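Here the protein sequences come in this chain order: A and B. Position in the first sequence counted from 1, then plus 7, gives you my numbering. Position in the second sequence counted from 1, then plus 7, gives you my numbering.
Hints in this document: simulated from the structure, not taken from any laboratory. Since we're looking at a predicted model, the values are computed, not measured. Hints are supplied without guarantee of correctness; some may be wrong.
Repeated chains share a single entry, so a pair holds when one copy, or any two copies, can fit it.
To be verified - Here are the computed lysine to aspartate or glutamate pairs in the EDC-like style, where the Cα-Cα straight-line distance is at most 16 angstroms:
no.: 1; residue 1: K567; residue 2: E68
no.: 2; residue 1: K477; residue 2: E577
no.: 3; residue 1: K79; residue 2: E543
no.: 4; residue 1: K544; residue 2: E32
no.: 5; residue 1: K511; residue 2: E93
no.: 6; residue 1: K138; residue 2: D584
Number of protein chains: 2
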Amino acid sequence: MEEIKVTFQPEGRRVYALRGMKVAEAAARAGIIIDAPCGGLGNCGQCRVEVIEGVDAPTPEEEKHLSQEEIKKGYRLACITTINKEMNILIPEEVRLHGQKFLTEGKRGRVKFAPPVRKALLKLPEPTLEKPQPDWENLNSALKRLAPHNAGHGVDIYMVREISEILRRNKFMVTGILDNGKLIGIEPGDTSKCIFGLALDIGTTTVVGSLIDLNTGEQVAVASAMNSQVVHGDDTISRINFASKSSDGLNKLTGRIIEVVNNMIGKVCKNAGIDTHDIYYVTCAGNTTMHHLFLGISPRNLGTMPFVPAIRRSVSLNAQKLKIDVNPNGRIYFLPNIAGFVGADIVGVILATGIDKAKDIKMAIDIGTNGEIVLGSKDRLLACSTAAGPAFEGARITHGMRGAPGAIEKVIINQGEVSYEVIGGIEPQGICGSGLLDLVAEMIKNGLVDNTGRLLKGDSFVVAEVGKRKIEINQRDLRQFQLAKGAIRTGIEMLKKKLGIKDKDISEVFLAGAFGNYIHPENAKVVGLIPDIPLEKIKFVGNAASEGAKMVLISQEERKRAEEIPARVEHVELSIDPLFNKEFAEQMLF
Amino acid sequence: MEEIKVTFQPEGRRVYALRGMKVAEAAARAGIIIDAPCGGLGNCGQCRVEVIEGVDAPTPEEEKHLSQEEIKKGYRLACITTINKEMNILIPEEVRLHGQKFLTEGKRGRVKFAPPVRKALLKLPEPTLEKPQPDWENLNSALKRLAPHNAGHGVDIYMVREISEILRRNKFMVTGILDNGKLIGIEPGDTSKCIFGLALDIGTTTVVGSLIDLNTGEQVAVASAMNSQVVHGDDTISRINFASKSSDGLNKLTGRIIEVVNNMIGKVCKNAGIDTHDIYYVTCAGNTTMHHLFLGISPRNLGTMPFVPAIRRSVSLNAQKLKIDVNPNGRIYFLPNIAGFVGADIVGVILATGIDKAKDIKMAIDIGTNGEIVLGSKDRLLACSTAAGPAFEGARITHGMRGAPGAIEKVIINQGEVSYEVIGGIEPQGICGSGLLDLVAEMIKNGLVDNTGRLLKGDSFVVAEVGKRKIEINQRDLRQFQLAKGAIRTGIEMLKKKLGIKDKDISEVFLAGAFGNYIHPENAKVVGLIPDIPLEKIKFVGNAASEGAKMVLISQEERKRAEEIPARVEHVELSIDPLFNKEFAEQMLF
């Protein structure tokens, strides 16, 4: 089936959709969930999107729901309009499932809007000689009235030191900040309308932050930044080594990521026009190494057998303890880990894809520096990590590069003729992961490579020539690619075996992560990266880890669910399986 | 009845006992409880004390239990030997109720030895590829096995940062430090035999610390020191003013008391030959102002109506947060307060005297800068504070001074002839509280003062002449004395009225505090400081607040009891009672 490029704005996120697919479904592949109250039947007219390029004539249904002016401007309904050519589409905030409408209206669709960290306005009685209630007890009585079943609050000396003045600054009207009902801060007067949260996805390479108004649920700013730890190594293993070898290596890495996050906080707050102290809750997803480094925990033992983390369960702590520039009473919450190489990011992926609640068997593949795979359903969940290495991020490939402008991202070979697309439409600088996957698949289809991965013509294959410089793939690059795809596919096959299922038993495959989001599933099947599963079962879920962080930001229910996930997931250590070597050797083949 | 001075060593504590009283009872008046397993029947022979001066011939019972050599050395049984002349007696540590014997043998007598803060040796399984348990979860599983009903432990990021290295430093054998079953620290290897605690009584003037081995219960060192906050005012009100008026006044006062405590910690540790890091638990008693200043809480509102504390309940926090030089994982625990002027010290007095558990009605009077009174039984407890002022501490009296060497501490007037005793047997420098009380009582008895407090002969009465310097009492001094004793007696009478009882309903009166410990009860009755209660019902309990701090140091059960006390005590605010002025005017009279 033909695949067509669709770009979603304002993110500029691109996906390849199948011809005839609905815009809503393609958006979902890009990780953008459109709120369709009618369930996609086309009869509520809510899912209005603006088609900037590639607009078709409206359907009769669309004409019914949209004004002539809207139709002229390119407005269409996402659940009706189909994709027949390359499109560029703006998805307004208000039709997004995580946009304001959804989040403010409570439980609807997937996530119940009830942020774990919230504010409560408290009007306390002023003490008198007849009833000289101590300030702390006065406050606690009010909280008790608010939530009679709460077991009581611990004593925080810093709050005790402030309370008397805070109570008296505004005639005993104060705002309490609560984390799952527990008091974490107090402010004079009524500040209850001002509370923001930040969901962070702390990746080995990139950090993404989403600023959300915790009163309305509205996402008010997004930012991404390089993880500046890369100067000390571009993958987790080199970071672990750096943190373990030099005496202050850990402090340096922790300092760098805290700095990146603080800069990001400054940026999103400036964009949203709020103060950094208006942020009271920060949720974090990331792999286990990023988790440790962010929290100032040595990752040394993640690098040696048996690869145990210092801690698995979720960590929640005061922002000041980590020197994070949000409200001094704010909480930093890191999702739990599953294992040394299956981290909080994968808990986020499970949350966002709902595999843990699925009736049918589903699979999620998160391809970054390592490939993590989750397989199962609500009855049983398996997860593993694979030592895929960074080939899909363009590393260790002669002309490899990240998916940045100048990267060849799509390749077609037709009767020896190579055509390609370059990100940003500029001169090609190298080839990124999705381009590499295309290239290898096309070489296989065109008989340029045999099933053992051997180049059949010459020492290398030239994709592009820019002046005197050639962008080509050689035998060593092919082997790197084989190792990466073989590792991931081995993981998939071993989890399937462990669960005792076949490809046909898998009802959905979620491709997550930066790389997963841009590949052509057809070609992924050609090279054998993923099993031969019908294309319509393959979903792109974008940055699912980040989505998971947002879910625990806005929902106490989801946070509880996240905390239950690690104990429910069976972590499969591939290397100790006696069948591993045989399987891996097989899966190296095309 | 004649009163005889008895001194107890090694403290050098002096009390006045009635002729014929048993040594054990006199010791109790000095706050030293002797462990008599037979219950004082004289048939176990355990309560051996050494009479240094004033020894009598042994009784037949004593001859049965003591060797000839022991008898020659002055050993006697405290429950048998009676007081007939001035005595100087050494009470060995091993016969004291809070000495080693008592504390190590569990529940016996009053207090169950089970310190809230304790250590537990944990031998964890080493993680393997088959069972790669994360370190924190590994530790928590071990704690769960130790105490299956414990609800689980919070996550302390500082401990998480240390755990991996600590586990691996000694092959996964670690010592956990637990506070009421909750993990507060971990150490590599087996350090379970090393754990000390410090009980602090933080007075406005004096700080007393007792170092106790929490494995054996043995008291290994004691120290006392001036509270150096006195340079900023000698009573609580002036400290409150100092803390409230200047911007860094609070920091200065908090800094001073922390410094005093840290110096004391250094001293007791040096004396006991241990490291300051061997202390894991510090319990504190003190009035509400001292409580606030020690914890860095502004006492401003204690100084203005309606005199509310910032917090009433007990405060428990990590030692590092207060910069207390004990183990970095150590806990600082401050007993709860009752009200703005009935503090944690009075909770300590209630604990030590057991009024909250008494079947009959009892009264405790703690006379320091203010007089606090507790009256009641297990059924109902009342407490009040009285604005007695510091007259009993020698302040605001022309020739007043503290009970230090050179202070006239005892006065007798016989037919116009004044005789007196001076602390330290040196030249008199002034007159202390107990001397003042004696002096006024003797003046009343000798018709030198009328019942309104008017001096009947001249403007002043000379007690002593040293060279050209006269030590005398004038009309103004007498008024100060009347205000002080009137305030306390008013409190006593109003509590009695509120409880609806008469003097005869009171089964015991406990006199606590530095002043209470040295007064002559007979004279206290003459001046009307205390009601006309038979002398045998009056008990000296010494530094009962300090005793209370020791009890919560060594017993989880007592700590729980302490925490229940504030809610059980009805705090009576004397000043809002319409009868207060009338009562006070009456009680000013002799």
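A quick look at each hint next to the structure:
1. K567 with E68: neither (41 angstroms within a copy, 71 angstroms between copies)
2. K477 with E577: Result: close neither inside a copy nor across copies, 46 angstroms intra and 90 angstroms inter.
3. K79 with E543: neither (32 angstroms within a copy, 104 angstroms between copies)
4. K544 with E32: Within. Shortest intra-copy distance 12 angstroms satisfies the 16 angstroms Cα cut-off; inter-copy 89 angstroms does not.
5. K511 with E93: Close neither inside one copy (31 angstroms) nor across copies (101 angstroms); limit 16 angstroms.
6. K138 with D584: between (70 angstroms within a copy, 14 angstroms between copies)
Of the numbered hints given earlier, the model fails hints 1, 2, 3, 5; all others are met.
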